[in-house]
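S.K.: Residue numbers (UniProt numbering): 1 to 312.
Treat the hints as calculated values from the structure; they're not laboratory data. Errors might be hidden in some of the hints.
As the list claims (entries may be wrong) - Calculated cross-link-like contacts (lysine-lysine; reagent style BS3-like; alpha-carbon spacing at most 27 Å):
id	residue 1	residue 2
1	Lys44	Lys24
2	Lys134	Lys265
3	Lys24	Lys265
What the hints assert, rightly or not - Label-pair ranges, simulated between beta-carbon atoms:
id	residue 1	residue 2	range
4	Asp12	Glu141	39 to 47 Å
5	Tyr230	Gln202	28 to 36 Å
6	Arg229	Met152	24 to 32 Å
7	Arg58	Arg278	35 to 43 Å
8	Val40	Phe144	26 to 34 Å
9	Glu122	Val301	14 to 22 Å
C-beta atoms are modelled at their ideal positions from N, C-alpha and C, and glycine is treated no differently.
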Amino acid sequence: MNAVRQTTLGDDVTLSGVGVHSGKMAQMHLSPAEADTGIVFFRKDTNQSVRACRGAVRGSDLATVLRDSDGPAVSTVEHLLACFAGLGVDNARVEIDGPEVPILDGSAGDFVAAVDEAGIVETGHARRYLRVLKPIRVETETGFGELVPYDMGFRLEVEIDFDHAAIGRQRFAATMSPDVFRKELAAARTFGFVSDVERLWQAGYALGASLDNTICLGDEGVINTTGLRYADEFVRHKALDAIGDLAIGGLPLLARYRSYRGGHKLNFAVVDALLSDRSAFEIVEARIPARRTVSSTAGLVAVAVPAYAPEL
Numbered sequence: 001m002n003a004v005r006q007t008t009l010g011d012d013v014t015l016s017g018v019g020v021h022s023g024k025m026a027q028m029h030l031s032p033a034e035a036d037t038g039i040v041f042f043r044k045d046t047n048q049s050v051r052a053c054r055g056a057v058r059g060s061d062l063a064t065v066l067r068d069s070d071g072p073a074v075s076t077v078e079h080l081l082a083c084f085a086g087l088g089v090d091n092a093r094v095e096i097d098g099p100e101v102p103i104l105d106g107s108a109g110d111f112v113a114a115v116d117e118a119g120i121v122e123t124g125h126a127r128r129y130l131r132v133l134k135p136i137r138v139e140t141e142t143g144f145g146e147l148v149p150y151d152m153g154f155r156l157e158v159e160i161d162f163d164h165a166a167i168g169r170q171r172f173a174a175t176m177s178p179d180v181f182r183k184e185l186a187a188a189r190t191f192g193f194v195s196d197v198e199r200l201w202q203a204g205y206a207l208g209a210s211l212d213n214t215i216c217l218g219d220e221g222v223i224n225t226t227g228l229r230y231a232d233e234f235v236r237h238k239a240l241d242a243i244g245d246l247a248i249g250g251l252p253l254l255a256r257y258r259s260y261r262g263g264h265k266l267n268f269a270v271v272d273a274l275l276s277d278r279s280a281f282e283i284v285e286a287r288i289p290a291r292r293t294v295s296s297t298a299g300l301v302a303v304a305v306p307a308y309a310p311e312l
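Sequences are here, hints too, so could you generate the full structure?
M.R.: Following this line, the structure appears as structure tokens:
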């Protein structure tokens, strides 16, 4: 069932940890925000803010990086954005005293626990959705990503194919809901290969990676002594990443997203292609009933928006 009203956090909550790429410690404070705010990051160390939206994306290689034209960068936002989108949190303020969102255990599990501690509350404002009207597809040399119309909510179909015995070809598909996100995706951790470590370090990445926050793969398989949380944890984490990357669109999606051998860059490219084609989407607003009733569906009405993008 699609939610009718926008939501925000019920209280403040604080987390802290190391950034997986920067290796720097950061403390992060999540707090409620007014309706129509979206997700806003505020760098306490520089006194500047940036909204999580398409126009703020400045990098999408190994992580999603946000920055306004004259503001600081906030990187590796995808797991936190996936948590907000997966649980249905529309508005929140994220204060952080460093350049990178803490990786914590490499999944969205600790973010989910933090949101549960804070609680989720409704606002009095109607929720808006980004409804896909026609297929949008982006292809690479090895894979593709596409959004197609799907009015039953947001459906995710992600497939990966790695030339490694521990991974191989894996597929995850589900129509998303907070319950599905909690049970099927939130605990899936990021992963990497021992063979790539030296190259990443030299490029300034993975400086905070460890067996505590990353599934590490050697030639013989998974190095972590704790093993995997799901037999197909790799594709589940890629699905989690996709949810966070697609949240850059600024509104919850009414669409089906399919990807093969995707990643942050491809996910964002699909969002960018969608929002670049005004005929490919519309903004629909949930109709708030005059009185509270139990219903299996929420009425949606189209609303007028500027031609440039829903994020503004």
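S.K.: It remains to establish, for every hint, whether it holds in the given structure.
M.R.: Tested hints:
Restraint check for Lys44 and Lys24: satisfied, since their Cα atoms lie roughly 15 Å apart, inside the 27 Å limit. Restraint check: the Cα-Cα separation between Lys134 and Lys265 comes to about 21 Å, which is no more than 27 Å; the hinted pair holds. With a C-alpha separation of about 24 Å, the suggested pair Lys24 and Lys265 falls inside the 27 Å cut-off, and the hint holds. The hinted range of 39 to 47 Å is satisfied by Asp12 and Glu141, whose Cβ atoms lie roughly 46 Å apart.
Between Tyr230 and Gln202, the C-beta spacing of about 32 Å keeps the proposed range 28 to 36 Å intact. In this structure, Arg229 and Met152 meet the distance hint of 24 to 32 Å, their C-beta atoms being roughly 28 Å apart. Between Arg58 and Arg278 the CB atoms are about 24 Å apart, so this pair departs from the stated range of 35 to 43 Å. With their beta carbons about 32 Å apart, Val40 and Phe144 fall inside the hinted range of 26 to 34 Å.
Distance hint check: the CB atoms of Glu122 and Val301 are about 19 Å apart, consistent with the given range 14 to 22 Å.
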